[in-house]
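Undergrad: Residue numbers (my numbering): 142 to 364.
DSBU-like, lysine-lysine: derived pairs with alpha carbons at most 30 Å apart:
hint, residue 1, residue 2
1, K222, K353
2, K217, K353
3, K356, K222
4, K217, K356
5, K147, K217
6, K147, K222
7, K263, K353
Label-pair distances were calculated between CB atoms; the ranges are:
hint, residue 1, residue 2, range
8, Y330, G181, 19 to 29 Å
9, K263, G181, 23 to 33 Å
10, L354, W331, 34 to 44 Å
11, P247, K356, 44 to 54 Å
Just so you know, these hints were derived from the structure itself, not from any lab.
The beta-carbon is built from N, C-alpha and C at its ideal position, and this holds for glycine as well.
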Amino acid sequence: MEKMRKNYIAEALGTFSMVFCGTAAMSINEVMNGAVTHVGIGITWGFIVIAMIYAFGEISGAHFNPAVTIAFAYAKKFPWKEVPRYILAQVIGAILASLVVWYLFPESETLGGTRTELIWHKAFVMEFLLTFFLMLVIINVSTGSKETGVLAGIAIGGVVMLEALFAGPVTNASMNPVRSFAPALVSGYWVDLWLYILAPIAGALVAVMSCKLVKADNCCDEC
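Let's have the full structure, built from the sequences with the hints guiding it.
TA: In structure tokens, the structure reads:
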């Protein structure tokens, strides 16, 4: 029980740190007329993911993302009974992060939340593919449900940075339901939130399915 409590705390802290740094960078860029720049925002997201994987990978697996947690459970690398608790920890961490961003930058319209420049079905496909690519990397560099080691941190953070850099201008490159939900809840900007919840989950699940086709022993412990 003590170990599991540490897992939940690690997930909450890691998600808080990731959502705070990423959305704060976006909010600062918004209120300071582009001071951070799009490239700066992409780099911020990538490096905070790398840092949090190194900080908490061996404790909780450094999921920080309900789509990743659900996909690990589907791949039989993580117990389904722990999924709701992990997601709750992630939601709490993300909401606390957005509350701090709101306190610091109340003039920000969306508090670093997600919005799309594409029509909804194109945005759905984009977020689906972004999360598909991310989960494909995660499932291949992780050990069980643990994202540990130099390779995991750099590979996963690098994909996040890459996707934030090229897809940020069109969908904000969420890839993470709680990263979108928390700013929406605090700012009240709910537009297209549903697609930022469903598309990442679908993309992560399909990534596990496709991985099973080429590397079943790594993607599914019981396949």
